[in-house]
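Dock chain C against the given chain E, drawing on the hints supplied.
As given, the protein sequences belong to chains E and C, one line each in that order.
So for the first sequence, the numbering used here puts the first residue at 81; every next one is plus one.
So for the second sequence, the numbering used here puts the first residue at 915; every next one is plus one.
The hints are simulated quantities; they were obtained by calculation from the structure and are not laboratory data.
Calculated lysine to aspartate or glutamate pairs in the EDC-like style (CA-CA distance at most 16 Å, straight line):
# : chain 1 : residue 1 : chain 2 : residue 2
1 : E       : Lys95     : E       : Glu165
2 : C       : Lys1012   : E       : Glu124
3 : C       : Lys1012   : E       : Asp136
Which bits of chain E does chain C cover? Going by a derived footprint, with three or more residues having C-beta under 8 Å, they are:
# : region
4 : 119 to 131
5 : 185 to 191
Interface residues of chain C toward chain E, partial, derived using beta-carbon atoms under 10 Å:
#  : residue
6  : Gln916
7  : Leu918
8  : Gln947
9  : Pro957
10 : Val958
11 : Thr962
12 : Ala1004
13 : Arg1020
Beta carbons: idealized from backbone N, C-alpha and C, even for Gly.
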Amino acid sequence: GAGVSQSPSNKVTEKGKDVELRCDPISGHTALYWYRQRLGQGLEFLIYFQGNSAPDKSGLPSDRFSAERTGESVSTLTIQRTQQEDSAVYLCASSGGIWGKLFFGSGTQLSVL
Amino acid sequence: TQLLEQSPQFLSIQEGENLTVYCNSSSVFSSLQWYRQEPGEGPVLLVTVVTGGEVKKLKRLTFQFGDARKDSSLHITAAQPGDTGLYLCAGDKVGDDKIIFGKGTRLHILP
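So that you can see chain E by itself, here it is in the shape it has in the complex:
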């Protein structure tokens, strides 16, 4: 596709359940980011993939959060045993070529009841 695609766009889950969020980056982009945005707030860095390098996981808030990326393609962010404080919009972005220019998806709105 032409842009970054995220699915699902909305996810409602019960506390304690696991959720998996998907990101399809722009083809050829070597860098991929996940950010969390709470209501009315800025973007909180979660994890960064760059090519074949080891991912920078320094922003993951707890060991309930993990992410994988298949080569330079799809990425999934998994949250285990969800808590109410995990409710937020999860944004994925990819970058390639132009320094600092991130292209964002529209995000997944996660609501934990």
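Using the frame of chain E, we list chain C on its own:
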């Protein structure tokens, strides 16, 4: 610890007025970017500044990178209701290539 501090957090002004918002850090950045985000969408890049002291203009928007590459400002001339949105600064700290964001300035322009 928030590496990029943005001020003010909120700004509501009348159409036609001028405004400046700020992005500050105690760290040196290789580059800083400004993004604008509208409700329900991801942020969209407005500009990237990479050289200390650099000034870039985008129509009514003027962006400046501090001489020491620790801060940046965004000045809007004759604000319009279409400028309403969340303005985010972002950048990569020297020695660390990941992009981090500030908490943003929420701007509301009243018609």
